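Asker: Residue numbers (our numbering), protein chains in the order written: chain A, 514 to 721; chain B, 434 to 556.
Worth flagging that the hints you see were computed from the coordinates, not collected in a lab.
Quick caveat: nothing in here was measured; it's all calculated off a predicted structure.
Where is the CB? At the ideal position from N, CA and C, for every residue including glycine.
Just so you know, not all the hints are guaranteed correct.
As the list claims (entries may be wrong) - Straight-line Cα separation of at most 25 Å, DSS-like style, residue types lysine-lysine; simulated pairs:
#1 B/Lys457 - A/Lys651
#2 B/Lys532 - A/Lys651
#3 A/Lys651 - B/Lys470
Unchecked claim - For the chain A half of the interface with chain B, some residues (derived, Cβ under 10 Å), not all of them:
#4 Asn552
#5 Val582
#6 Ala626
#7 Val627
#8 Leu645
#9 Ser649
#10 Lys651
Each chain is listed here by its residues.
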Amino acid sequence: MNKTPELSSTHLDALREISNIGMGNAITSLAQMLNRRINMSVPLATFLPFEETVQLIGGAEEQVSCVSVSLSGDVPGTVMFFFNSQSTFRLVDLLMGLDLGTTTELDEMGESAVKEVGNVLTGSFIGAIYSLTSLSIKSAVPMFAYDMLGAILTSLVVASGRAEEQVLVLETKLFQEQAEANINGHFFMLTEPGSIQNLFDALGIAMS
Amino acid sequence: MAKRILIADDAAFMRMMIKNILVKNGYDVVGEAENGKQAVGMYMDSKPDLVTMDITMPEMDGLEAVKAIRSSDPGATIIMCSAMGQQAMVMDAIQAGAKDFIVKPFQQERLLQAVERALSRGK
Numbered sequence: 514m515n516k517t518p519e520l521s522s523t524h525l526d527a528l529r530e531i532s533n534i535g536m537g538n539a540i541t542s543l544a545q546m547l548n549r550r551i552n553m554s555v556p557l558a559t560f561l562p563f564e565e566t567v568q569l570i571g572g573a574e575e576q577v578s579c580v581s582v583s584l585s586g587d588v589p590g591t592v593m594f595f596f597n598s599q600s601t602f603r604l605v606d607l608l609m610g611l612d613l614g615t616t617t618e619l620d621e622m623g624e625s626a627v628k629e630v631g632n633v634l635t636g637s638f639i640g641a642i643y644s645l646t647s648l649s650i651k652s653a654v655p656m657f658a659y660d661m662l663g664a665i666l667t668s669l670v671v672a673s674g675r676a677e678e679q680v681l682v683l684e685t686k687l688f689q690e691q692a693e694a695n696i697n698g699h700f701f702m703l704t705e706p707g708s709i710q711n712l713f714d715a716l717g718i719a720m721s
Numbered sequence: 434m435a436k437r438i439l440i441a442d443d444a445a446f447m448r449m450m451i452k453n454i455l456v457k458n459g460y461d462v463v464g465e466a467e468n469g470k471q472a473v474g475m476y477m478d479s480k481p482d483l484v485t486m487d488i489t490m491p492e493m494d495g496l497e498a499v500k501a502i503r504s505s506d507p508g509a510t511i512i513m514c515s516a517m518g519q520q521a522m523v524m525d526a527i528q529a530g531a532k533d534f535i536v537k538p539f540q541q542e543r544l545l546q547a548v549e550r551a552l553s554r555g556k
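Chain A extracted, bound-state conformation (with noise of 0.2 Å):
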């Protein structure tokens, strides 16, 4: 596996325009799709290996559900939106109009649903990169798990085949009007070796 770039001030600069300009044109989607305000909050935007995102996100026993996406173009690599269950359960009560707290587990249409958001997320994910940047990426068929974290992740390693060590990690709070509705997602970007760099490459010139 490649090693990843060094981490100058200046790649953490294009980090950070990256994470709020991307999540911000994200969010702003959801935010439609929902038909409610939403505010975000992108605490944490840095590289960590793979395995330390297990951590973030809440061990490898938690049952999340997990949205990804296959990148290819400029950037290729993969992006995964993840939900902790109660935070999935909420997104699917929200798309659906329901009552929050109705949703207790998840059917086809609600993991159709999630799907969606994950597809509408990572298309305005890319469109702001493309904006900023120029960069053209394509993004594929949506794929969905809802099972233990460690057991997602594992498979998505196996799946990426080749991939940088450090995956760009892009942690987002969402926060609505009730706070009984808030929704906790992880955003996660794995890249194929050197594809990170035409990103940093391209933004370094967007940025000069």
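We have chain A; now place chain B onto it with these hints.
Answerer: Positioned in the frame of chain A, the structure of chain B alone reads:
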């Protein structure tokens, strides 16, 4: 007579959302396709007045489906409905023959506006 619409999207949730909007506004949804290949088949069978077409779908993506449908029915009225709204994609879709391009998530009014406009322009 109500205009007949075919919905193509791999997400059941999205098909349901679009169908609800259309039916509430007097349109007749004559079919729901899960992928591009199904969309082409259903188009041939039911010859709807308009198709809403997602891009990212398994088996055959929306752009391919647009090309396939338009090659056998050059008058087909298709509007794209996708989470990806980059300019290059929009241009590809219009060049393939789509009449409009809506980026998800969309407001109800945007969808209805696009459908009405595409239908009124005629074949």
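Asker: Would you mind marking each hint as holding or not holding in the structure?
Answerer: Results of checking the hints against the structure:
1. B/Lys457 - A/Lys651: Distance ~33 Å between B/Lys457 and A/Lys651 Cα, so the pair is violated.
2. B/Lys532 - A/Lys651: holds (22 Å)
3. A/Lys651 - B/Lys470: holds (20 Å)
4. Asn552: Because about 18 Å separates A/Asn552 from the closest Cβ in chain B, which is outside the 10 Å limit, the hint is violated.
5. Val582: Holds - the Cβ of A/Val582 comes within 10 Å of chain B, reaching about 9 Å at its closest.
6. Ala626: holds (4 Å)
7. Val627: This interface hint holds because 8 Å falls under the 10 Å limit.
8. Leu645: violated (12 Å)
9. Ser649: Hint holds; A/Ser649 Cβ to chain B Cβ min 6 Å, cut 10 Å.
10. Lys651: At 7 Å from the nearest chain B Cβ, A/Lys651 passes the 10 Å test, so the hint holds.
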